[in-house]
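> Here are the chains, one letter per residue:
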Amino acid sequence: MSLSVDIRHRLGGFTLDARFEAPPGITALFGRSGAGKTSVIRAVAGLLHPDGGRIAVDGEVLTDTETSVHVAVHRRRIGYVFQDARLFPHLSVGQNLAFGRLFGGRIARDEVERLVHLLDLRPLLGRGTADLSGGERSRVALARALMTRPRLLLLDEPLAALDAPRKAEILRYLFRLAEETSVPMLYVTHSVAEVAQIARTLVVLKEGAVQRSGPTAEVLADPAAVPALGVREAGAVLQATLHAHHPADGLSAITVGDVPLLMPEVEEPPGTLVRLRINAADVTLARERPATLSALNVVPVTVLSIRPGEGPGAAVALSLGPERILARVPRRALVALDLAPGLECFAVINATAISRADVSVGALA
Amino acid sequence: MIGWLTAQEWGIVLLSLRVSFWATLLSLPVGIAVALLLARGRFPGHGLLNALVHLPLVLPPVVTGYILLVVFGRRGPVGGWLEAQFDIVLAFRWTGAVLAAAIMAFPLMVRAIRLAVEAVDAGLEEAAATLGAGPVLRFFTVTLPLILPGILAGSVLAFAKAMGEFGATITFVSAIPGQTQTVPSAIYAALQVPGGEAGALRLVLVSVLVALGAVGVSEWLSRRTRKRVAGR
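Protein sequences appear in the order of chains A and E.
If you count the first sequence from 1, position 298 lands on 298 in the numbering used here, and the numbers rise without skipping.
If you count the second sequence from 1, position 170 lands on 170 in the numbering used here, and the numbers rise without skipping.
No lab work stands behind these hints, which were simulated from the structure alone.
Some hints could be false.
Stated by the list, open to error - Output of the computed footprint for chain E on chain A, the stretches with three or more beta carbons under 8 Å from beta carbons of chain E: (1) 66-74; (2) 247-258.
As the list claims (entries may be wrong) - Quick list of simulated restraints, FRET-style, between CB atoms: (3) A:Ala353 to E:Arg223: 54 to 62 Å; (4) E:Leu221 to A:Asp110: 36 to 44 Å; (5) A:Gly12 to E:Gly213: 51 to 59 Å; (6) E:Leu212 to A:Leu102: 38 to 46 Å; (7) A:Gly12 to E:Ile88: 40 to 48 Å; (8) E:Leu25 to A:Arg109: 52 to 60 Å; (9) A:Arg10 to E:Leu144: 53 to 61 Å; (10) A:His49 to E:Leu144: 25 to 33 Å; (11) A:Pro308 to E:Glu118: 21 to 29 Å; (12) E:Gly213 to A:Leu102: 55 to 63 Å; (13) E:Leu25 to A:Ala160: 54 to 62 Å; (14) E:Gly213 to A:Arg10: 37 to 45 Å; (15) A:Gly12 to E:Glu118: 20 to 28 Å; (16) E:Leu25 to A:Leu102: 44 to 52 Å.
Glycine included, C-beta positions come from ideal geometry on N, C-alpha and C.
Using the sequences and the accompanying hints, generate a full structural model.
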């Protein structure tokens, strides 16, 4: 299953002109507020009629302004988890779920049970929707959308109201769901951490236009994408294998290719594949191998490309084993260290700077 | 109460209740449709329809009654046709009183329902659509339950207005005792004859009781539905 979008739309002074492909798995639509993310997914859902363009899922045309095709919203079988949940206030939680099950794709009973269990909804079923917490509302909305057995799931910042542990849990669930069921998901977010954890494909929107799109690891490791992602948020995501645990001081040893790294302990068995994000600002460069360093991780890297920013910083793309990482260094250091593509140097990564929130289990696409 | 009122007065009260009941019930589907059209519709003539609906509110009731007589009288264009085609006569019958009361109460009903429709979050209907519900299902499973308090409030208002309707009714169907004499026209008639105050007072008391009952029932119903609609 895959989704192809190519639409143009004018909304007041705002022009949307977006074209991208979303292969199976999770595609993150990333951008600041006002970048047009919600307009794109509203068009995919059929809630917005674009002025021009074409939207197709798996070759089935949903919208085509040239042939005047516009499949009605309720016939698209596209799940939509709204940012504000939009639970029906006159129905209980259980009835909200039944609504999706009744009019949608008739999900099997054991699948309902699994969803209810997984999203921890059993205690909520008989309750009204008025005094649910933000997190509870998001979980109910997600379950309700899944009850329709959608062939595509649209998620508009669905986890904004959730606390960190619950967020991580649901991200894991979404990731697994996307992998297991091949339901493509379009996931709107403005958090690079979320993108790095679950998205196989990344589409960066800016002022209504697609600025970058492609496999997440590729886009995140591209210094040219740094301005679009935000300099503080930039950082590559890479694939590593869990090697050993050092419970005595709370660290785990991982390998990226054959390069060993230390990071805060991950509670998974050795051999597990993990993806982790290393924030560009947490990577320091050195020409010679520093002898003793609190950061613990000193690894040989090769400079791939350099992109000076508008301000004092520059983004440097580096190869680390088979993967790529990004470093954000002061522009002055480019000169001081005489950095240039092809140069072999050392990257210093603070072992404790790799945040637990940036680690997720599973293979990169 | 049966012993307290005379048989004739009891008949007047029952007639008024019957007229108001049918006036409310029959105008309800039309009222809901017009309220939806005014709240949601974008079409040429929107303003005209709005003015037309509100006309009975601003016209002198006698004028409304006269227009009804001209249009729905036995020689009127609609009245004549109704009699020829379906053998239905409205003028000077209790059915005519239903029509007069319904038209006079219509603006109040539409207003209350329209406010409720405008208060419904259109996002909920969008959500229902993404869950696979078509337009008709969406209306009956989401919109209608959410506007139910407004429909109830509008109905109670319309019923109360119909109970009190005087001018248009007396012009269109007169006040024939036992046929078209409703509570207000009976009170008026009783006050015109010497010694009629006692009878008038009893009917006034009935009017007050019915009004209080209607308000009480509507309060109770709307509190119940509002709670449900608010998701508690």
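> Go ahead and decide if the range 54 to 62 Å is satisfied by the Cβ distance of alanine 353 of chain A to arginine 223 of chain E.
For alanine 353 of chain A and arginine 223 of chain E the Cβ distance comes to about 57 Å; the hint holds.
> A range of 55 to 63 Å was offered for this pair. Does it hold for the Cβ distance of glycine 213 of chain E and leucine 102 of chain A?
39 Å, violated
> Does the beta carbon distance between leucine 221 of chain E and aspartate 110 of chain A stay inside 36 to 44 Å, or does it fall outside?
41 Å, holds
> Between leucine 25 of chain E and arginine 109 of chain A, does the beta-carbon spacing fit 52 to 60 Å?
With a Cβ separation near 42 Å, leucine 25 of chain E and arginine 109 of chain A fall outside 52 to 60 Å, so the hint is violated.
> Is the gap between the beta carbons of leucine 25 of chain E and leucine 102 of chain A within 44 to 52 Å?
30 Å, violated
> Do the Cβ positions of glycine 12 of chain A and isoleucine 88 of chain E conform to the proposed distance bound of 40 to 48 Å?
Taking Cβ atoms as reference, glycine 12 of chain A and isoleucine 88 of chain E lie about 54 Å apart, which means the hint is violated.
> With 20 to 28 Å as the target window, see if glycine 12 of chain A and glutamate 118 of chain E comply at their CB atoms.
Since glycine 12 of chain A and glutamate 118 of chain E have Cβ atoms about 23 Å apart, the given range 20 to 28 Å holds.
> Verify the CB-CB distance for leucine 212 of chain E and leucine 102 of chain A against the hinted window 38 to 46 Å.
Between leucine 212 of chain E and leucine 102 of chain A, where Cβ atoms are some 42 Å apart, the hint holds.
> Quick one: see if chain E covers the segment 66-74 of chain A, three-plus residues with Cβ-Cβ under 8 Å.
holds (count 3)
> Given a hint of 51 to 59 Å, does the C-beta separation of glycine 12 of chain A and glycine 213 of chain E actually sit inside it?
52 Å, holds
> 21 to 29 Å was suggested as the range; check whether the CB atoms of proline 308 of chain A and glutamate 118 of chain E agree with it.
55 Å, violated
> For the range 25 to 33 Å, tell me whether the beta carbons of histidine 49 of chain A and leucine 144 of chain E fit it or not.
26 Å, holds
The structure fails hints 2, 7, 8, 9, 11, 12, 13, 14, 16 (numbered hints given earlier, in ascending order).
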